[in-house]
Amino acid sequence: VSQNRTLTINGEVKSVDAPDDMPLLWVLRDLLGMTGTKFGCGIAQCGACTVHLDGNAVGGRAVTTIEAVGNTAAGARVQKAWLELEVVQCGYCQSGQIMSASALLTMTPAPNDTDIDAAMAGNICRCGTYVRIREAIKRAATDQDAA
Amino acid sequence: VLMGDSDLPPIMIAGGSNNAASASLVVAKACEELRDRIAKAAVASSSSRFHGTDPRSLEFVDGKLKGADHEEALTVAIERAGHRLEAYAENVPDGLPPKSLEEMTHGKPAMLSGASRKDVTAYAFGAHFVEVGVHRRTREVRVRRVVSAFAAGTIINSMTAHSQFMGGAIWGLSSALHEETEMDRQTARYVNTNLADYLIPVHADVPDIEIIMVPEKDDRVNRLGVKGIGEIGIVGMNAAVANAVFNATGTRIRGLPIRPEKLL
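Protein chains in written order, with my numbering: chain P, 1 to 147; chain R, 1 to 264.
Chain P with its partners taken away, still in its complex shape (with noise of 0.2 Å):
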């Protein structure tokens, strides 16, 4: 049954048209085109599709997607250590990646590598890029000039 509901993304009230059981995913992607957040294997196994949320928003759930990571401290930093270590590969997996390095540092702003590699453990990366995320998050931790 398809039900119009409010959902509050990226600081924008968004009002979709959607069935109960559509995932979040579709809506990201179908229904508002934001195409950023990634399909990878649908299970929520490879980490591709992770989005925060956010549950004490009022009036509905408040969704960040990587489309808007950037306009926080954590996920500014975040992005900046990216772009100098140059960590993509094929990038399909990156904006996961950052999403969950971003909540990450939120939680815990100087992680070592176990807190990474558990932090991290839902990501996975078929190009090999491990050894340059945790090195981009160690240098987003300690990065004091971004904004």
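Calculated directly from the structure, the hints in this document are not laboratory data.
Here are the computed distance ranges between Cβ atoms for each label pair: (1) R:Glu179 x P:Pro19: 34 to 40 Å; (2) R:Leu264 x P:Gln45: 25 to 31 Å; (3) P:Asn71 x R:Glu102: 50 to 56 Å; (4) P:Pro19 x R:Ala188: 32 to 38 Å; (5) R:Ile11 x P:Leu53: 40 to 46 Å; (6) R:His135 x P:Ala73: 36 to 42 Å; (7) P:Thr106 x R:Thr138: 33 to 39 Å; (8) P:Met107 x R:Asn192: 29 to 35 Å; (9) R:Arg117 x P:Ala73: 54 to 60 Å; (10) P:Thr114 x R:Leu199: 18 to 24 Å.
Counterexamples of contact, computed for chain P against chain R with all Cβ distances above 10 Å: (11) Asn4; (12) Trp26; (13) Val27; (14) Gly33; (15) Thr65; (16) Ala68; (17) Thr108; (18) Asp143.
Even glycine gets a Cβ: it sits at the ideal position worked out from N, Cα and C.
Mind docking chain R on chain P? Use the hints.
Okay, now just chain R, sitting in the frame of chain P:
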């Protein structure tokens, strides 16, 4: 730079570690022709400070055209050479028949391998060093440390080359210890054809990896000394891991991946 449009001229397939050498040699030819035209226009024009000098003495440095005692912005020099410059270049590497280019436009790309030429062999070189730990009870293999070294001629972009080598090393670890396409023999179908079921490493499976790029100048492979590095990062890693496992356990494993049940 435009790529990936069928309106553009044909280029070699992305395979066989041949793209860097194929593209860079022909791009270099086109750039050299443009450079010659800009330099010739600079020395021919009577209003130019380079007038009458030897065009071969002019250099292109940091967006400038530079002579012995004068330099100017390249935008000025390009304007003098005709405002809009186009060059067309073709390159057939030594060892391939001249008709290779024509055949490529008909979907028959000819590829040069390291052993194609009579006079020299033209391979890239690499070696992997791996330290593993094998759990005493569960026999799980964990890679603790990897050092990989490569000599592959002229490196065009050291940052992306470093990443390519490292990605190859990680793919090698993955095929040594994790990956396998699992066949259901009753139905003759692969059962793990997706990113959820197919086992590849996560962050915690990949240790610190040190990539050493050994400088190598090879003037004979081609005039730029460029060799392909697409695949060499993975080559040899299975053997390095299997040797490390043998060193740790005394057991020779000859089937991949090396999963715990093979070491019990």
